[in-house]
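Participant: Chain by chain, the residues:
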Amino acid sequence: MSLHILILAAGEGRRFGDAVKQLAMIGDKTMLEHAVHQASILAPARVSVVLGFRHEQLALLVRRAQVVINPNWNQGIGSSIACGVAALPASASAVLIMLCDQAALSSFDLARLTSRYEQLKSNDIPPIVCASYADGLGVPAIFPNHYFNQLKELNGDMGAKHMLQENSVISVPMATAAIDIDTQDQWARFNEHKLSTALINPRRIRTPEGESL
Amino acid sequence: MNKVKINGVEHPIDADPNMPLLWVLRDLLNMTGTKFGCGKGLCGACTIHLNGLPVRSCLMPLAAAFGAEITTIEGLSANGDHPLQQAWIAHKVPQCGYCQSGQLMSAAALLKNNPTPSDAEIKDAMSGNICRCGTYPRIEAAIKSVAGVQIHQPATKSKGAI
Ligand code: FES
Ligand code: FES
Numbered sequence: 001m002s003l004h005i006l007i008l009a010a011g012e013g014r015r016f017g018d019a020v021k022q023l024a025m026i027g028d029k030t031m032l033e034h035a036v037h038q039a040s041i042l043a044p045a046r047v048s049v050v051l052g053f054r055h056e057q058l059a060l061l062v063r064r065a066q067v068v069i070n071p072n073w074n075q076g077i078g079s080s081i082a083c084g085v086a087a088l089p090a091s092a093s094a095v096l097i098m099l100c101d102q103a104a105l106s107s108f109d110l111a112r113l114t115s116r117y118e119q120l121k122s123n124d125i126p127p128i129v130c131a132s133y134a135d136g137l138g139v140p141a142i143f144p145n146h147y148f149n150q151l152k153e154l155n156g157d158m159g160a161k162h163m164l165q166e167n168s169v170i171s172v173p174m175a176t177a178a179i180d181i182d183t184q185d186q187w188a189r190f191n192e193h194k195l196s197t198a199l200i201n202p203r204r205i206r207t208p209e210g211e212s213l
Numbered sequence: 214m215n216k217v218k219i220n221g222v223e224h225p226i227d228a229d230p231n232m233p234l235l236w237v238l239r240d241l242l243n244m245t246g247t248k249f250g251c252g253k254g255l256c257g258a259c260t261i262h263l264n265g266l267p268v269r270s271c272l273m274p275l276a277a278a279f280g281a282e283i284t285t286i287e288g289l290s291a292n293g294d295h296p297l298q299q300a301w302i303a304h305k306v307p308q309c310g311y312c313q314s315g316q317l318m319s320a321a322a323l324l325k326n327n328p329t330p331s332d333a334e335i336k337d338a339m340s341g342n343i344c345r346c347g348t349y350p351r352i353e354a355a356i357k358s359v360a361g362v363q364i365h366q367p368a369t370k371s372k373g374a375i
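Chains as they are written, first to last, in this note's numbering: chain A, 1 to 213; chain B, 214 to 375.
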């Protein structure tokens, strides 16, 4: 029984304009490869990526992770979550869901979530463990397998956010989770702020003062 | 002071919680069986187990180990006689040897969670461990010999350390 990581990368990223967002460079890798890389540091051989838009092209970039194609990707994020969770092996005890465009997330952040989850997973009913930032609760979030059926029923544009509100969850403060790249402008700013250099060497990212690890 | 449990022993550690575990192991605890290859999560030389699952310790913060169980190559077996270690010797797997503690840790985690992996599952689980010397065929043969033992002799399964 083990924790798997599910990266959502199926969307068209319409606000990113004509360019394919998953191919935008973050440091020395495309956004897609960057996300897979950060996840596989933590969970080698237990990473899946949901692709949809341009999946023939993008799947070629995915190494060391399972590719799941969501034919209904244009219905929205809920359908991609459902599709990805349905493809997890039976041995998955929990799934960490993250977005490909959360480009500031490093393996360090993911490790803070999983280590919190490890402490709680032997509870009678293991809780959801998710990130918290200025906007409230959100992904990356870890869902124990008793939530899998609910995740598989998601569809359309409705993500899993309501599940974070409806259940008692444990949250881990994570400023980097608030950054998701939607537009070319945000991407340029992200690279400009040298966040990407910090990502190549995550040891330079410091946890904000007082944040519990 | 924070304590970290490595190979069953609690170690008090006074270091930045963001320090990569590999640094903690090698430089603070002098456990040098775990190797530094790339420092970027690309090669697998630094693979250890965090709660029984393989992780790359070069990019894993010390904080991830608080309250967790860490196993390194030094703790894989008491006498260096884990079935995989025996198979490694029988199959003369290592050449220079540098990548091999990481290879063994990935293989051991694989067999612990899936005692009878298919060829594809073996390839998959081992695909993040790079060997400069190209010992891949021997690694695969050694893993299969151990996985095979478990398939054909279920009686040995219960006492196995895998
Ligand atoms: S040293 Fe950690 S993966 Fe290469
Ligand atoms: S044995 Fe030399 S790198 Fe693998």
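Treat the hints as calculated values from the structure; they're not laboratory data.
One thing to keep in mind: the hints can contain errors.
[Unchecked claim] Straight-line alpha carbon distances no greater than 30 Å define the calculated DSS-like cross-link-like pairs of lysine-lysine that follow:
no.	chain 1	residue 1	chain 2	residue 2
1	B	Lys336	A	Lys161
2	A	Lys121	B	Lys325
3	B	Lys357	B	Lys336
4	B	Lys305	A	Lys29
5	B	Lys325	A	Lys152
6	B	Lys216	A	Lys152
7	B	Lys325	B	Lys357
8	A	Lys161	A	Lys121
9	B	Lys336	B	Lys216
10	B	Lys357	B	Lys305
11	A	Lys121	B	Lys305
12	B	Lys336	B	Lys305
13	B	Lys253	B	Lys305
14	B	Lys253	B	Lys216
15	B	Lys218	B	Lys253
16	B	Lys305	B	Lys325
17	B	Lys253	A	Lys29
18	A	Lys29	B	Lys336
[Stated by the list, open to error] What follows is a set of in silico ranges between Cβ atoms, one per label pair, in the way DEER data are often shown:
no.	chain 1	residue 1	chain 2	residue 2	range
19	A	Glu12	B	Ile302	46 to 56 Å
20	B	Asp332	A	Ser91	24 to 34 Å
21	B	Asp332	A	Ala86	23 to 33 Å
22	B	Gly265	A	Lys161	46 to 56 Å
23	B	Leu242	A	Ser122	43 to 53 Å
24	A	Gln186	B	Ile302	24 to 34 Å
25	A	Glu12	B	Gly221	48 to 58 Å
Beta carbons: idealized from backbone N, C-alpha and C, even for Gly.
Participant: Next step is simple, just say for each hint if it's right about the structure.
Facilitator: Hints versus structure:
| no. | hint | verdict |
| --- | --- | --- |
| 1 | B:Lys336 with A:Lys161 | 36 Å, violated |
| 2 | A:Lys121 with B:Lys325 | 19 Å, holds |
| 3 | B:Lys357 with B:Lys336 | 11 Å, holds |
| 4 | B:Lys305 with A:Lys29 | 37 Å, violated |
| 5 | B:Lys325 with A:Lys152 | 28 Å, holds |
| 6 | B:Lys216 with A:Lys152 | 39 Å, violated |
| 7 | B:Lys325 with B:Lys357 | 14 Å, holds |
| 8 | A:Lys161 with A:Lys121 | 21 Å, holds |
| 9 | B:Lys336 with B:Lys216 | 35 Å, violated |
| 10 | B:Lys357 with B:Lys305 | 14 Å, holds |
| 11 | A:Lys121 with B:Lys305 | 40 Å, violated |
| 12 | B:Lys336 with B:Lys305 | 19 Å, holds |
| 13 | B:Lys253 with B:Lys305 | 29 Å, holds |
| 14 | B:Lys253 with B:Lys216 | 25 Å, holds |
| 15 | B:Lys218 with B:Lys253 | 24 Å, holds |
| 16 | B:Lys305 with B:Lys325 | 22 Å, holds |
| 17 | B:Lys253 with A:Lys29 | 13 Å, holds |
| 18 | A:Lys29 with B:Lys336 | 24 Å, holds |
| 19 | A:Glu12 with B:Ile302: 46 to 56 Å | 53 Å, holds |
| 20 | B:Asp332 with A:Ser91: 24 to 34 Å | 18 Å, violated |
| 21 | B:Asp332 with A:Ala86: 23 to 33 Å | 25 Å, holds |
| 22 | B:Gly265 with A:Lys161: 46 to 56 Å | 31 Å, violated |
| 23 | B:Leu242 with A:Ser122: 43 to 53 Å | 27 Å, violated |
| 24 | A:Gln186 with B:Ile302: 24 to 34 Å | 54 Å, violated |
| 25 | A:Glu12 with B:Gly221: 48 to 58 Å | 50 Å, holds |
The structure does not agree with the numbered hints 1, 4, 6, 9, 11, 20, 22, 23 and 24 stated previously, though it agrees with the rest.
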